[in-house]
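Visitor: With the hints as constraints, model all of the structure from the sequences given.
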Amino acid sequence: MNKITSIEQLEKIQQEKQALWSSGIKLVPVCGVCIGGQKLAQAMRDEVTRQNIADKVQIVETGCQGFCKMGPLVNILPPEGISQWQNGTLYTKVKVEDAAEIISKSVMGPEVIERLLYKNAKTNQRIPVIKDIPFYSKQSKYVLERCGVINPDDITDYIAWGGYQAAHKIIKTMTPETVIGEVTQSGIRGRGGAGFPTGIKWKFCRQSPGPDKFMICNADEGDPGAFMDRAVLEGDPHSVLEGMIIGAYAIGANYGYVYVRAEYPLAVKRVRQAIKQAKEYGLLGNNIFGSDFSFDIGIKMGAGAFVCGEETALISSIEDRRGMPRPRPPFPVAVGLRGKPTCINNVETLANLANIINKGAKWYTGIGTEKNYGTKVFSLAGAVRNVGLVEVPLGATLQELIFDIGGGAEKGRKFKAVQLGGPSGGCLPEKLLDIKIGYDSLIQAGAIMGSGGVIVIDNKSCMVEVARYFTSFCQKESCGKCTPCRIGLMRMKELLERITSGEGQKGDIELLIELANSIKDTSLCGLGQTAPNPVLSTIRQFRHEYEAHIREKECPAHYCKPLVKFMVDTDKCKACGQCIPACPVEAVKGKKGEKVTIDVTLCTKCRSCIEACPFDAIV
Amino acid sequence: MEYKSFISDTIAQLGEEPNKLIPLLQQVQEKYGFIPEETVDIIAQNLNLSANRIYGVMTFYAQFKLKPCGKHLIRVCEGTACHIKGAEGVYESISGKLGIHEGETTADDNFTLERVPCVGCCHSAPIVVVDSDYHGNTSANMAKGILENYK
Numbered sequence: 001m002n003k004i005t006s007i008e009q010l011e012k013i014q015q016e017k018q019a020l021w022s023s024g025i026k027l028v029p030v031c032g033v034c035i036g037g038q039k040l041a042q043a044m045r046d047e048v049t050r051q052n053i054a055d056k057v058q059i060v061e062t063g064c065q066g067f068c069k070m071g072p073l074v075n076i077l078p079p080e081g082i083s084q085w086q087n088g089t090l091y092t093k094v095k096v097e098d099a100a101e102i103i104s105k106s107v108m109g110p111e112v113i114e115r116l117l118y119k120n121a122k123t124n125q126r127i128p129v130i131k132d133i134p135f136y137s138k139q140s141k142y143v144l145e146r147c148g149v150i151n152p153d154d155i156t157d158y159i160a161w162g163g164y165q166a167a168h169k170i171i172k173t174m175t176p177e178t179v180i181g182e183v184t185q186s187g188i189r190g191r192g193g194a195g196f197p198t199g200i201k202w203k204f205c206r207q208s209p210g211p212d213k214f215m216i217c218n219a220d221e222g223d224p225g226a227f228m229d230r231a232v233l234e235g236d237p238h239s240v241l242e243g244m245i246i247g248a249y250a251i252g253a254n255y256g257y258v259y260v261r262a263e264y265p266l267a268v269k270r271v272r273q274a275i276k277q278a279k280e281y282g283l284l285g286n287n288i289f290g291s292d293f294s295f296d297i298g299i300k301m302g303a304g305a306f307v308c309g310e311e312t313a314l315i316s317s318i319e320d321r322r323g324m325p326r327p328r329p330p331f332p333v334a335v336g337l338r339g340k341p342t343c344i345n346n347v348e349t350l351a352n353l354a355n356i357i358n359k360g361a362k363w364y365t366g367i368g369t370e371k372n373y374g375t376k377v378f379s380l381a382g383a384v385r386n387v388g389l390v391e392v393p394l395g396a397t398l399q400e401l402i403f404d405i406g407g408g409a410e411k412g413r414k415f416k417a418v419q420l421g422g423p424s425g426g427c428l429p430e431k432l433l434d435i436k437i438g439y440d441s442l443i444q445a446g447a448i449m450g451s452g453g454v455i456v457i458d459n460k461s462c463m464v465e466v467a468r469y470f471t472s473f474c475q476k477e478s479c480g481k482c483t484p485c486r487i488g489l490m491r492m493k494e495l496l497e498r499i500t501s502g503e504g505q506k507g508d509i510e511l512l513i514e515l516a517n518s519i520k521d522t523s524l525c526g527l528g529q530t531a532p533n534p535v536l537s538t539i540r541q542f543r544h545e546y547e548a549h550i551r552e553k554e555c556p557a558h559y560c561k562p563l564v565k566f567m568v569d570t571d572k573c574k575a576c577g578q579c580i581p582a583c584p585v586e587a588v589k590g591k592k593g594e595k596v597t598i599d600v601t602l603c604t605k606c607r608s609c610i611e612a613c614p615f616d617a618i619v
Numbered sequence: 001m002e003y004k005s006f007i008s009d010t011i012a013q014l015g016e017e018p019n020k021l022i023p024l025l026q027q028v029q030e031k032y033g034f035i036p037e038e039t040v041d042i043i044a045q046n047l048n049l050s051a052n053r054i055y056g057v058m059t060f061y062a063q064f065k066l067k068p069c070g071k072h073l074i075r076v077c078e079g080t081a082c083h084i085k086g087a088e089g090v091y092e093s094i095s096g097k098l099g100i101h102e103g104e105t106t107a108d109d110n111f112t113l114e115r116v117p118c119v120g121c122c123h124s125a126p127i128v129v130v131d132s133d134y135h136g137n138t139s140a141n142m143a144k145g146i147l148e149n150y151k
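Protein chains in written order, with the working numbering: chain R, 1 to 619; chain S, 1 to 151.
Do not take every clue at face value.
To be verified - No more than 30 Å apart at the CA atoms, straight line, and that leaves these computed lysine-lysine pairs for DSSO-like:
1) R:Lys481 <-> S:Lys20
2) S:Lys20 <-> R:Lys592
3) R:Lys172 <-> R:Lys203
Calculated from the structure, these hints are not laboratory results.
Guide: Written out as structure tokens, the structure reads:
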């Protein structure tokens, strides 16, 4: 492969690929990261071989298409082509057995297979066009534009979409200062959670003296319940690499790392392949586009420590040390990896940059609201109907995110709260759902934007238990360096365990608040400073649940095991029998067609029957 | 001997990267399933580090195991989405079925049970990962059936 040195060469690859795409060969994107997706993609490929139509049909195994709840997914592209995929058709919950029919009827022929279309739960109507599905119609996909459509293992797919043209533009026509100026004007703020303006971070790093600097992509997505970065790395890895090239050029770095969790093996594989291809095409390495700018990227795998998402701990980890944070200042932009100025940006931040360079800061500030420009990717999970990966403009409301796109709580249950920002974040109740999503508005409401994990909690979950869960998580992940975090979180966890087991005492809530505030004030790093947030926010919004546990020894959500006995509400039970096979210990007595009972001597309170019951009859 | 040559080969593969310890430990673990005690001294000599420092790193990160695992590694995700959707019941069911707790291995060395923070598959919570197979939308009762496939 000849190395690309000019825009003409880049455009030639783009045109060749586009010509191939419009030459009549039918591309069929199949989500390869849904559970069962890889098997389906293989079945589709086998079918193509069996029908001997490999010259006409190409199965593309893609990254996440977003609508995970409905997976595995198959896209039938519209005649306009791949770039207009939202006008195409989406097949949902596709099984391996459907492969042959899809290829024969919908790929080779014009037929739409009715039963595989998404069915609107409210109207019961099947929706043939992707953009008409409420889950998609309310989204604005810029970061995720290509994710789930292109082949992430093929650099030419990315180039065909205009990829690496931003890198060319900055290296050939812009000074580092003008790049920083453009990014500063776009107002983009760090998508990792803290929301620090990216342009300003770059300016500080550029101004730090010294010839050696580093550009690091923070892909240590540790928040439980968050999978945005994983999806971007698995679905469109080159957009992140291009962002790193732009950042490296701006700050003056010649080497960079992608620090990615080892728990994401596919993401590691895809990034490794992307780096290899970018090197082959001369887009990484010495003298990129024939200029005197050289930049190369290595991969570092995290080894399973949540605290390594904190930037000084991340640096320690790359340096082969225990991943423990150190006090700041000095900030990494001044003294970072191996003592050199280092800029650390999050995956999603980097994936935004090519668009900002190509379309301009003005375009970017046209999306979102004041001081919160652009879009944000969220992973919707928990007790929400449409679990998945979504991208909305900042300034959209939580109501739109959770109800219009997410479809509200699943199984007809009642929404209770939304947890934003993972273990550093907070829970917001229904009455605050009108808040416009933004860095500052969410802090004011008692939560944080965080990296984008959105967990919906329904009325079957106990808020004290949710607080205990997060505190226990942070306590386990505390690196142990500073006392408030190491010991304080342990004491908070013990208090919460006491409350959820029905042994809470008068004054426990006040003690929790006092402890929480001192841990916030005195911990060394972000982990400790934010770890008490879930407890404080649940006390603020759901204090009555804490009080019920302590005073009445009752769990209002019927969740905390020592405080509940499982029983069947015979008025609600419809004798459907679904709970009987769900029980692992045969404690549900009865048979289909009869109202059941629960043998409390056998019951382990595992909640399987509650999850299985469609009528909310087990209390 | 085998350890020695694997370690020196791996170090050579890592090339000019100045920080080789964690990537090397990751590869040793990938190959042997854990970090055998004998390898620590060999790594110490090769990288000119004290064994003490290597143990410091190994014990900090959850990924590194100091003793061998069973034939199959079961990881029950305890991420937030899994937790909300009943991961606790799934864990207890597997733990009860195998008669082992978190971090333990069955007497026949067939299964090791672990609980891990989020594996990033929240869309199909609760998740159980056996070796490299992801099982989604699990329940306490399904757990038994999943294990049947790994003998």
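Visitor: The structure should be examined with respect to each hint, and the outcome stated for every one.
Guide: Results for each hint:
1. For the hint linking Lys481 of chain R to Lys20 of chain S, the alpha-carbon distance of about 24 Å falls within 30 Å, and the restraint holds.
2. For the hint pairing Lys20 of chain S with Lys592 of chain R, the CA-to-CA distance comes to about 61 Å; that exceeds 30 Å, so the pair is violated.
3. As the CA atoms of Lys172 of chain R and Lys203 of chain R are separated by approximately 20 Å, the hinted pair is consistent with the 30 Å bound.
Hint violations for this structure: number 2 only, all remaining hints satisfied.
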